[in-house]
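There are 2 protein chains.
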Amino acid sequence: MKENLSLLVDLYEFTMSQSYFLYKKKSWATFDLFVRALPPNRAYLVSCGLEDLLEYIRQLKFTKDDISFLKSKKIFSDEFLRYLRNFRFRGDIWAIPEGEIFFAQEPMVRVTAPIIEAQLIESYFLNTVNLQTMIASKASRVVNAGRGRDVIDFSLRRTHGAWAGIKVARCAYIAGCQGTSNVLAGKLYNIPVSGTMAHSFVAAFKKEKDSFLSYVRTFPDKSILLVDTYNVKEGIKNAISVGLELKCEGHRLLGIRLDSGDIVSLSKLARKMLDRAGLEYVKILATGNLDEFKIEKLLKRGACVDSFGVGTNMGVSTDAPSLDVIYKLSEVTDGAGRFLPTMKLSKAKATYPGRKQVIRQQDKNGKFIKDVLALEKEKIPGRPLLIKVVDKGNVVYNIPSLDRIRCSVKDNLARFSTALLEVFPKYKYPVVVSPGLKKLHSELSRQLMRRQ
Amino acid sequence: MKENLSLLVDLYEFTMSQSYFLYKKKSWATFDLFVRALPPNRAYLVSCGLEDLLEYIRQLKFTKDDISFLKSKKIFSDEFLRYLRNFRFRGDIWAIPEGEIFFAQEPMVRVTAPIIEAQLIESYFLNTVNLQTMIASKASRVVNAGRGRDVIDFSLRRTHGAWAGIKVARCAYIAGCQGTSNVLAGKLYNIPVSGTMAHSFVAAFKKEKDSFLSYVRTFPDKSILLVDTYNVKEGIKNAISVGLELKCEGHRLLGIRLDSGDIVSLSKLARKMLDRAGLEYVKILATGNLDEFKIEKLLKRGACVDSFGVGTNMGVSTDAPSLDVIYKLSEVTDGAGRFLPTMKLSKAKATYPGRKQVIRQQDKNGKFIKDVLALEKEKIPGRPLLIKVVDKGNVVYNIPSLDRIRCSVKDNLARFSTALLEVFPKYKYPVVVSPGLKKLHSELSRQLMRRQ
Numbered sequence: 170m171k172e173n174l175s176l177l178v179d180l181y182e183f184t185m186s187q188s189y190f191l192y193k194k195k196s197w198a199t200f201d202l203f204v205r206a207l208p209p210n211r212a213y214l215v216s217c218g219l220e221d222l223l224e225y226i227r228q229l230k231f232t233k234d235d236i237s238f239l240k241s242k243k244i245f246s247d248e249f250l251r252y253l254r255n256f257r258f259r260g261d262i263w264a265i266p267e268g269e270i271f272f273a274q275e276p277m278v279r280v281t282a283p284i285i286e287a288q289l290i291e292s293y294f295l296n297t298v299n300l301q302t303m304i305a306s307k308a309s310r311v312v313n314a315g316r317g318r319d320v321i322d323f324s325l326r327r328t329h330g331a332w333a334g335i336k337v338a339r340c341a342y343i344a345g346c347q348g349t350s351n352v353l354a355g356k357l358y359n360i361p362v363s364g365t366m367a368h369s370f371v372a373a374f375k376k377e378k379d380s381f382l383s384y385v386r387t388f389p390d391k392s393i394l395l396v397d398t399y400n401v402k403e404g405i406k407n408a409i410s411v412g413l414e415l416k417c418e419g420h421r422l423l424g425i426r427l428d429s430g431d432i433v434s435l436s437k438l439a440r441k442m443l444d445r446a447g448l449e450y451v452k453i454l455a456t457g458n459l460d461e462f463k464i465e466k467l468l469k470r471g472a473c474v475d476s477f478g479v480g481t482n483m484g485v486s487t488d489a490p491s492l493d494v495i496y497k498l499s500e501v502t503d504g505a506g507r508f509l510p511t512m513k514l515s516k517a518k519a520t521y522p523g524r525k526q527v528i529r530q531q532d533k534n535g536k537f538i539k540d541v542l543a544l545e546k547e548k549i550p551g552r553p554l555l556i557k558v559v560d561k562g563n564v565v566y567n568i569p570s571l572d573r574i575r576c577s578v579k580d581n582l583a584r585f586s587t588a589l590l591e592v593f594p595k596y597k598y599p600v601v602v603s604p605g606l607k608k609l610h611s612e613l614s615r616q617l618m619r620r621q
Numbered sequence: 170m171k172e173n174l175s176l177l178v179d180l181y182e183f184t185m186s187q188s189y190f191l192y193k194k195k196s197w198a199t200f201d202l203f204v205r206a207l208p209p210n211r212a213y214l215v216s217c218g219l220e221d222l223l224e225y226i227r228q229l230k231f232t233k234d235d236i237s238f239l240k241s242k243k244i245f246s247d248e249f250l251r252y253l254r255n256f257r258f259r260g261d262i263w264a265i266p267e268g269e270i271f272f273a274q275e276p277m278v279r280v281t282a283p284i285i286e287a288q289l290i291e292s293y294f295l296n297t298v299n300l301q302t303m304i305a306s307k308a309s310r311v312v313n314a315g316r317g318r319d320v321i322d323f324s325l326r327r328t329h330g331a332w333a334g335i336k337v338a339r340c341a342y343i344a345g346c347q348g349t350s351n352v353l354a355g356k357l358y359n360i361p362v363s364g365t366m367a368h369s370f371v372a373a374f375k376k377e378k379d380s381f382l383s384y385v386r387t388f389p390d391k392s393i394l395l396v397d398t399y400n401v402k403e404g405i406k407n408a409i410s411v412g413l414e415l416k417c418e419g420h421r422l423l424g425i426r427l428d429s430g431d432i433v434s435l436s437k438l439a440r441k442m443l444d445r446a447g448l449e450y451v452k453i454l455a456t457g458n459l460d461e462f463k464i465e466k467l468l469k470r471g472a473c474v475d476s477f478g479v480g481t482n483m484g485v486s487t488d489a490p491s492l493d494v495i496y497k498l499s500e501v502t503d504g505a506g507r508f509l510p511t512m513k514l515s516k517a518k519a520t521y522p523g524r525k526q527v528i529r530q531q532d533k534n535g536k537f538i539k540d541v542l543a544l545e546k547e548k549i550p551g552r553p554l555l556i557k558v559v560d561k562g563n564v565v566y567n568i569p570s571l572d573r574i575r576c577s578v579k580d581n582l583a584r585f586s587t588a589l590l591e592v593f594p595k596y597k598y599p600v601v602v603s604p605g606l607k608k609l610h611s612e613l614s615r616q617l618m619r620r621q
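These protein sequence lines map, in sequence, to chains A and B. Those letters in the first sequence? Residues 170 to 621, per the working numbering, in order. Those letters in the second sequence? Residues 170 to 621, per the working numbering, in order.
Next comes chain A alone, as it looks inside the complex:
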């Protein structure tokens, strides 16, 4: 997606910038991008989206055409438009790398830059992190619920447009899915692609068995037959008969797919019928409006399912289709160029001031026990999660391979309490505020209340 997305910006970023241009041209600021509160049933987030943020920073510029459009709105001065024409991002960005686990209130991205530059990237940054971290976090839950069984992303047809379809496949793979049905995502990101067959394929032949035969003759070792177009039991029988023919010819039917009905009883029945026929190796794939809640129930009730194709509910994160992700000013320079901490004071939505870091602490077995939200300059033992990814406008971080990011999710999760992985988690991983940050927060609150 090499579109020019520089205008993918909320108008107010431009209008505020024009005002900054007039009154605060020299100001620098720090913004934190973070999730205010976790969505229901989420105990953690999987950091995702950094690759696209960095690509955006690399490409960010306003073309002649962009400037003409802004000019046509008749609210921007020629001076400001000239400034935009030469705009380039010159700030620093720190971020939690993709594949790390993080929590509410922890900045996933921290931007320090001339205030206009920091402001103009807000919309794209929020949009990107919202989608990608939301989906990686959701998909991670689905993968957990599968208890080691393969989960495959089948969501393309219901994701929010083409772009989301591609990004969802990447995020789901990072979160531990085995692959995707989305061929373009497979091509762009080198993700394994897979699929089965549709009801329409079965219906396009006079008899179900004819459709199965045509398919397995095309893909003798790769066929997964959909058995519920007419009658599931008959469908399984037809699949077995085709599977036995294949066996005689030295091939193996890969699997059958159940897409409706009571998956628990049908999968048990299918397993029994397949085993009796000597087709123990034929896998059972379940699909049909699955999510982590349903998968957990299926497995608790003993469903004989080897893998899950998960679509809509993972691809749009149905139970929480957005993150409460925000981008808040935490410091701004005064006339002398000194950074002064700041914060939002309004009751329910107050924020933490100052330039911050997240420190993850572990016990002697390497298990993570606590995160500390601290001021950057505080000396707190542990591993800092935010690393520098952009230095004076230059991207200084190389995104690891997708498989490496994927591994790091798995490795990271293994070091938290398993209580984090439950479908209905009661456990809350401790994130504490450092003494220094607490002090600054209460001092500044008082100050701001006095000042207003």
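FYI, nobody ran anything at the bench for these hints, they're computed from the structure. Computed from a prediction, not measured in an experiment: that's the story for all the values here. No false leads were slipped in.
No distinction is drawn between identical chains; accordingly, a pair holds when it is met within one copy or between any pair of copies.
Listed below are the simulated DSS-like cross-link pairs for lysine-lysine, each with C-alpha atoms no more than 27 Å apart in a straight line:
| no. | residue 1 | residue 2 |
| --- | --- | --- |
| 1 | 243 | 230 |
| 2 | 194 | 242 |
| 3 | 194 | 376 |
| 4 | 378 | 195 |
| 5 | 240 | 391 |
| 6 | 194 | 230 |
Since the structure of chain A is already known, use the hints to place chain B on it.
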């Protein structure tokens, strides 16, 4: 977005196609794209997405690069890949134009084409209609709830990626929103863009009033001041003081924005304070997790709000973030090239067979009273909703201007019972199945049950 999206396809479309290529190369088929059931609280859908479907058909081809990728999967024959390299869509497509109102079970798109061609466009078609019709339908509800007040799309930061951000702005505008905050969408689709200011802007100045002054001096007649960064009442006072200064200078403060707290009491307070100060013309804009449910409550409780900025809940359709949109085979040719009706038989998910049309019937006052889902060849009085948009692979339909589509939504809705527009509708618009279709459905059900 002129990306090559031809590979934005679920893998099984290609594998099924290779099997069709071997066993049913000459077959033609008809597929219906429709919504199985309306999401909760929805009484109607607003057709949206056709523009992108037609653009896709225009551009659809598999490049050398695409073919290399498919070849690398080692499941496709050279013959089939050669076929794909020369692929072009040659079929007919009928569709319900953008801006029409339609209902569950009514085909929004009907495709008749060589079976491979009809199959390969499935993923993109579903993906596109799912997003765009879902959002237009949701936004239409939000606009209804506003009872004539302006509703503006502020959703960019939470839509599912860049593409969704742009499409949501277009769909929301079609549905009746006044504009969008999304500058790129404004540029691409000529949608009015608007915005206010962020809390960070206020926090970037030492005093709230300084921030207001800087802003209004930049935009003397276009400023909407955000008053809840510290204390709302003080914020309103500061806005009034700035508004009065502007007034002396011959300018008008455009509005204030409330983003938190009890919007009902705060908006009443603000209105009173503004009016007393002689600023009756200053508008009140409300934002903050709004949707049709909250807007209706606010207005019922007498909130003094002139316009609503609606973000996340409209932009991701939070309460129903996907449509149950499907693409089902309804007929396929036999060996002699005759189209034979077909259908899916599985219990909960049965479909209607044959080539269909939707007929909308009206009373003598022009009010719509009933839709009839009929076979195309049946003679049923009324207006057919599906029109031909692609003929033998050529797009033969010109998308009307956005404003015209937007008007048609309004005009169409005005001809239905107002009960359709309620936030919690109890009314169900009648969609009946024609005698011919009923007969075909029951005959074919029996036939299929016998055959399997």
